[in-house]
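Here are the chains, one letter per residue:
4 protein chains.
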Amino acid sequence: MKTPFIYRRPIRWGDTDAARIVFTAHYFDVCMEAIESFFLEILELDWFAMTCEKGTGTPFVHAEVDFHAPLTPRDVLNIRVEIERQGNSSLSLILYGNREAEGDAAFTGRFTCCFSDLKNLKSIPIPDEIRQRITYYQQQSSHLISG
Amino acid sequence: MKTPFIYRRPIRWGDTDAARIVFTAHYFDVCMEAIESFFLEILELDWFAMTCEKGTGTPFVHAEVDFHAPLTPRDVLNIRVEIERQGNSSLSLILYGNREAEGDAAFTGRFTCCFSDLKNLKSIPIPDEIRQRITYYQQQSSHLISG
Amino acid sequence: MKTPFIYRRPIRWGDTDAARIVFTAHYFDVCMEAIESFFLEILELDWFAMTCEKGTGTPFVHAEVDFHAPLTPRDVLNIRVEIERQGNSSLSLILYGNREAEGDAAFTGRFTCCFSDLKNLKSIPIPDEIRQRITYYQQQSSHLISG
Amino acid sequence: MKTPFIYRRPIRWGDTDAARIVFTAHYFDVCMEAIESFFLEILELDWFAMTCEKGTGTPFVHAEVDFHAPLTPRDVLNIRVEIERQGNSSLSLILYGNREAEGDAAFTGRFTCCFSDLKNLKSIPIPDEIRQRITYYQQQSSHLISG
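Chains as they are written, first to last, in our numbering: chain A, 2 to 148; chain B, 2 to 148; chain C, 2 to 148; chain D, 2 to 148.
Be aware that one or more of the hints could be misleading.
The list cannot tell twin chains apart, which means a pair is met if one copy fits it or any two copies do.
Unchecked claim - Below, a list of computed lysine-lysine pairs in the DSSO-like style, where the Cα atoms sit at most 30 Å apart:
(1) K3 with K123
(2) K120 with K3
(3) K123 with K55
(4) K55 with K120
(5) K55 with K3
Bear in mind the hints are in silico, worked out from the structure with no lab data behind them.
Bear in mind the structure is a predicted one, so any value in this text is a computation, not a measurement.
Given the sequences, and given the hints that come with them, work out the whole structure.
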């Protein structure tokens with residue numbers, strides 16, 4: 002397990018708007034890419050398989066981004082994903098987006114999803130093996146920070 | 002001036018993902034459409050003209066959405082835009098997204114932008130005539146709520 | 002039945018890129034909105050219901066756009082949808098995108114979809130009642146052009 | 002120079018729609034990513050720098066995709082970019098999108114752009130050093146095919 006998990010994402014032409022910086026809404030596409038990769042690589046959980054084969058998913062109940070500095074197609078983002086809180090059904094993540102070359106903070110994101118049965122959209126407990134991986138990742142991350 | 006300002010938006014096929022509901026990141030595209038229309042119709046401020054002709058803009062410093070209920074292409078959204086706070090350079094908006102047919106809450110959004118010189122991305126005071134329109138809209142809205 | 006079918010679409014800030022015109026790929030989002038509305042209003046066919054309830058759909062086998070003039074957020078598009086050809090399973094549409102104010106041609110699109118069983122993605126014949134609506138729309142359109 | 006140029010792109014959750022395959026319009030976002038990378042790595046031409054510093058760009062005059070097989074988030078695309086034709090101002094590219102695991106064809110794209118002055122959108126000749134790189138890439142590719 003790579004700790005911390007960092008999603009690398011070059012900013013592209015299609016991310017921009019007429020102000021010649023990344024369009025506000027596109028940050029959320031980029032964050033969702035980072036979270037999808039975190040789920041796949043760290044939690045070993047494939048959203049598409051989970052949806053199509055088991056009829057369960059992790060719809061988001063909250064998403065927010067604080068924008069610290071504008072981004073352009075010359076930037077490459079390094080997005081570090083950390084776990085803020087693990088509830089019975091819900092999982093809260095923090096995303097730290099930094100510019101690779103300068104190392105400065107570009108944005109901070111907070112996203113909460115809820116493990117759910119997609120048929121009735123009722124919450125379900127986080128499956129045990131996923132919970133263990135979340136806990137393990139939290140422990141590895143806290144070692145990094147404290148040590 | 003229409004008070005309150007409501008942006009009507011049918012949910013479309015292209016808004017969905019494989020869970021057969023609107024994709025998390027697409028809510029922010031929809032909210033930005035609503036805010037752009039609010040700026041144009043209520044504040045008489047055209048982002049594109051402002052950017053190209055004056056070199057000023059309103060980059061966002063914060064964007065968040067709480068998701069209350071899933072949306073599908075059968076839904077039509079009514080998004081009411083209200084002013085949360087007017088600062089020296091910053092403007093905070095609340096967006097209440099309701100499903101037209103059922104009337105229930107689909108999401109609540111909070112967005113803060115900052116009037117800025119796009120060359121150096123330094124904040125500038127909200128122009129006087131825009132400030133007056135913001136204040137007038139606030140007064141009309143509070144009459145509605147109190148009365 | 003409104004003949005010809007015209008989809009009205011204001012160009013928005015989020016459609017632009019750093020060249021301050023509409024981003025190439027976004028034309029296809031706009032065209033898909035127009036086609037979805039054409040299916041719903043003229044063919045009385047709801048992609049979402051068709052997909053979720055019947056397991057059939059109309060995946061596209063070809064999509065193309067010729068760009069005649071750039072578009073900016075000051076423009077409003079009028080997109081006229083015409084039927085180029087109706088096959089056993091396939092339907093080819095032509096989209097004429099004109100700027101509302103100036104009336105000049107902004108783009109021409111050609112899109113072909115194929116009625117299909119979504120489980121195995123095998124083609125199915127166009128259902129009879131849809132075929133009748135397509136034929137009727139073609140006749141109404143040709144009257145307009147010839148007469 | 003890597004010949005042929007291949008852009009690797011995993012399909013993501015955000016690319017899908019309610020039919021649980023990649024949404025038609027999103028193929029064009031993916032193709033534009035591939036073309037942007039081709040311009041940057043093979044032609045050493047940065048769209049963003051070109052636009053902001055020189056006021057020149059390469060707006061597209063034609064874009065089309067033939068879809069051969071559906072794509073889902075389990076797929077990884079390998080998109081090979083080849084030059085179809087080099088004109089005085091225009092450049093036509095062919096994109097061959099193949100699924101990495103199976104090797105089968107997912108789509109073929111044809112895109113033509115036109116080197117232009119962005120102020121008046123008049124065409125300009127392809128700059129000499131870009132023309133040389135295009136020609137060199139064509140020669141390398143034809144060696145591969147013939148040899």
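Now for the hints, and whether the structure bears them out:
In this homomeric assembly, K3 and K123 never come within 30 Å of each other (Cα to Cα): the closest approach is 32 Å inside a single copy and 38 Å across copies. In this homomeric assembly, K120 and K3 never come within 30 Å of each other (Cα to Cα): the closest approach is 34 Å inside a single copy and 37 Å across copies. Proximity of K123 and K55 under a CA criterion of 30 Å is satisfied in both settings, with 14 Å inside one chain copy and 24 Å between copies. Taking identical chains as interchangeable, the C-alpha atoms of K55 and K120 lie at most 30 Å apart whether they share a chain (10 Å) or sit on different chains (17 Å).
For a Cα distance limit of 30 Å, the shortest separation of K55 from K3 inside one copy, 27 Å, qualifies, whereas the shortest one across copies, 42 Å, does not.
When the structure is compared with the earlier hints, violations turn up for hints 1 and 2 and for no others.
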